[in-house]
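Here are the chains, one letter per residue:
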Amino acid sequence: GAGVSQTPSNKVTEKGKYVELRCDPISGHTALYWYRQSLGQGPEFLIYFQGTGAADDSGLPNDRFFAVRPEGSVSTLKIQRTERGDSAMYLCASSPDGNNYGYTFGSGTRLTVV
Amino acid sequence: SQQGEEDPQALSIQEGENATMNCSYKTSINNLQWYRQNSGRGLVHLILIRSNEREKHSGRLRVTLDTSKKSSSLLITASRAADTASYFCAVRSFGANSKLTFGKGITLSVRP
Numbered sequence: 001g002a003g004v005s006q007t008p009s010n011k012v013t014e015k016g017k018y019v020e021l022r023c024d025p026i027s028g029h030t031a032l033y034w035y036r037q038s039l040g041q042g043p044e045f046l047i048y049f050q051g052t053g054a055a056d057d058s059g060l061p062n063d064r065f066f067a068v069r070p071e072g073s074v075s076t077l078k079i080q081r082t083e084r085g086d087s088a089m090y091l092c093a094s095s096p097d098g099n100n101y102g103y104t105f106g107s108g109t110r111l112t113v114v
Numbered sequence: 001s002q003q004g005e006e007d008p009q010a011l012s013i014q015e016g017e018n019a020t021m022n023c024s025y026k027t028s029i030n031n032l033q034w035y036r037q038n039s040g041r042g043l044v045h046l047i048l049i050r051s052n053e054r055e056k057h058s059g060r061l062r063v064t065l066d067t068s069k070k071s072s073s074l075l076i077t078a079s080r081a082a083d084t085a086s087y088f089c090a091v092r093s094f095g096a097n098s099k100l101t102f103g104k105g106i107t108l109s110v111r112p
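In order, the protein sequence lines correspond to chains F and C. So the first sequence is residues 1 to 114, counted in my numbering. So the second sequence is residues 1 to 112, counted in my numbering.
Treat the hints with care, as some may be off.
Said to hold, decoys possible - Think about it this way: if two alpha-carbon atoms lie no more than 30 Å apart in a straight line, the pair counts; the simulated DSSO-like pairs of lysine-lysine are:
hint	chain 1	residue 1	chain 2	residue 2
1	F	17	F	78
2	C	69	C	56
3	C	104	F	15
4	C	69	C	104
5	C	70	C	56
6	C	104	C	56
7	C	26	C	104
8	F	78	C	70
9	F	11	C	104
Note that these hints are calculated values from the structure, not bench results.
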């Protein structure tokens, strides 16, 4: 597609539930990133994919968070047993190679855990 | 941890004035990037400057990089009300799998 697409744009879920957030990057971009942004803060790194593999998952806060990119394009961020503290904007970005170019961000998914 | 730290945290100027925003970082970098974010939306890449570059221009934007001081500045000339947004600097360290680390951002308000 022309840009990075994230769905849903908004998600409200109850504490303890499981959620999946989807990211569709720009076609041909091998690098894909997930960030989380709280109000008034900068984006906080979660995980980075190069192709199908997670090159760096050091930002995932705990084992409730998991992400996949099985075919090297679409990625899904999965959060189990959601907590109110997980409420934030989840941003996905892609880049041609992750090294020499800026990132193209999607519009984000606003997750609210009630 | 957020390596890039922007200064000031908030800036309010009159339309037509220039806006200068600063960023400091802590470790050696491969490149530094500036992004803009309008309220409630995704970030937009503005400009990338590599560690061996000292200055770069793009339209009304001018970015400088001083690696000896570990700092960068973003200058927006002849500001417009539409420039009102949050601005973030982000740094990329060396290494094949290095990711961008963002600062907390600067809120710029341009009064018409």
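Worksheet entry | Violated hints, by number in ascending order, as checked against the structure | 8
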